[in-house]
Every structure is written in C-alpha cells, then in structure tokens.
Amino acid sequence: AQSVSQHNHHVILSEAASLELGCNYSYGGTVNLFWYVQYPGQHLQLLLKYFSGDPLVKGIKGFEAEFIKSKFSFNLRKPSVQWSDTAEYFCAVRGLNTGNQFYFGTGTSLTVIP
Amino acid sequence: DTGVSQDPRHKITKRGQNVTFRCDPISEHNRLYWYRQTLGQGPEFLTYFQNEAQLEKSRLLSDRFSAERPKGSFSTLEIQRTEQGDSAMYLCASSTRTAEGNEQFFGPGTRLTVL
Numbered sequence: 001a002q003s004v005s006q007h008n009h010h011v012i013l014s015e016a017a018s019l020e021l022g023c024n025y026s027y028g029g030t031v032n033l034f035w036y037v038q039y040p041g042q043h044l045q046l047l048l049k050y051f052s053g054d055p056l057v058k059g060i061k062g063f064e065a066e067f068i069k070s071k072f073s074f075n076l077r078k079p080s081v082q083w084s085d086t087a088e089y090f091c092a093v094r095g096l097n098t099g100n101q102f103y104f105g106t107g108t109s110l111t112v113i114p
Numbered sequence: 001d002t003g004v005s006q007d008p009r010h011k012i013t014k015r016g017q018n019v020t021f022r023c024d025p026i027s028e029h030n031r032l033y034w035y036r037q038t039l040g041q042g043p044e045f046l047t048y049f050q051n052e053a054q055l056e057k058s059r060l061l062s063d064r065f066s067a068e069r070p071k072g073s074f075s076t077l078e079i080q081r082t083e084q085g086d087s088a089m090y091l092c093a094s095s096t097r098t099a100e101g102n103e104q105f106f107g108p109g110t111r112l113t114v115l
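Residue numbers (the numbering used here), protein chains in the order written: chain A, 1 to 114; chain B, 1 to 115.
No wet-lab data here; the hints were simulated from the structure. Check the hints yourself; a few may be wrong.
Said to hold, decoys possible - Facing chain A, a subset of chain B residues (Cβ under 7 angstroms, in silico):
id : residue
1  : Gln41
2  : Gly42
3  : Glu83
Computed from a predicted model, the values in this text were never measured in an experiment. The beta-carbon is built from N, C-alpha and C at its ideal position, and this holds for glycine as well.
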C-alpha cells in the first residue's frame, strides 16, 4: 500500500523566515502529488499540484514544491512566511495505477509568529 | 457558494445509534469521495463514487458503514450502531477528470461525536 510521510509535525517560524516542509511517499509508479492547506476553522484547500512536466510547481500565495522522483519527495517551500500562513499542511499522493485513492500524510502544523 | 457542501456540520449521538451524513458535490463533478479524519492525522480514504457507481471501498469501511449516491449527484454516508471509535471528522470531496488529471475539492466536513 502507498504511504506518505511528513517529517515535521510542528513547525514554528517567525515572519519572513523561509519554510520547507518535507514530504516523502512510497510508490514506485507514476504519481500525482498535492499539497493541501487547512487554515484554522476552514476546510482543506489545494495549495498546489504536480501531475506531469516541470517538477518545480508553483501554487497560490507564493508557495512552491519540487518533485524529486529519485528521492520520492515533494517538499513544500516558501521563501518568506507570513502570519497568515499559520495553518495545517497536508501532502497527498495518488498512484495512477492504483485506482482513485488519495493517500494523505499526517500533516504539519505551522505557526508563524508575528 | 458553489463548493462542496456537507450536512450536518456537527453531530452528537449516543453509542449504538445510527447516523447519516449528506454531501452535495460541485454540480459538474462526477467523482465523489468520502474520507475520515481523526485528530492529528490526515484524511483517510473511505470510499469513491464515479457517478452513481461505488467503485472503491477501503478496508476501513466496516459493514456498519454504507454509502450511496443514488442519482449520481449528492451522496449519503450512514453509520449504523455507532461506536465511540467512530468519533471523527467525515470529509467529502468531489472532482472531475481534466486534461491534466484529477484534483479534489473538499467540503467543510461533518464532525461526529459518539458519547
């Protein structure tokens, strides 16, 4: 079965600091990769996605992620975080040959201190 | 609001009771998913519909759980004889196939508390 690992469970940063959240998955075939964000009191929203092509994908609010196939990784980055980025971040993967199940990581809670 | 909606948003029930949740997907989306999320965890896949057909079910979906999507639009998730371990957030998502792939849009969830 597929699995997704998010190494950082809780991250605390000051505003303007750079962010990198790790995501590794276990699946040997072709994948679709996603980062979702859940702001306090709100539902899950898509930050960015990778389906194919350029492994560096850009999403909303200045976020980007890089797919490194050899490392089975899809790390999320932002050069300068803001207080409003305080949220829970989830990495998700869908293996294209394993049906339509999406597998989510356990999430990373980000707190940005003003 | 044209997003995914779920009803109710909160449900408190006593152990042993049956509960039913409803999900209304984005109108043009033919794919619908149910997930369960517990504290400190990511969403766990429960089941998937394409139109009215239930095509995939997780092993997490015990025989006390049943989901339907009778007309290929809204869906219901029923839990019979609820147990305290069923307490969780139940999420619904919908999607449609695009040239790029399959992106899911999530609803706000139904929080179930079993006393």
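Evaluation of the provided hints:
{"no.": "1", "hint": "Gln41", "result": "holds, 5 angstroms"}
{"no.": "2", "hint": "Gly42", "result": "holds, 3 angstroms"}
{"no.": "3", "hint": "Glu83", "result": "violated, 23 angstroms"}
Hint compliance for this structure: hint 3 alone is broken.
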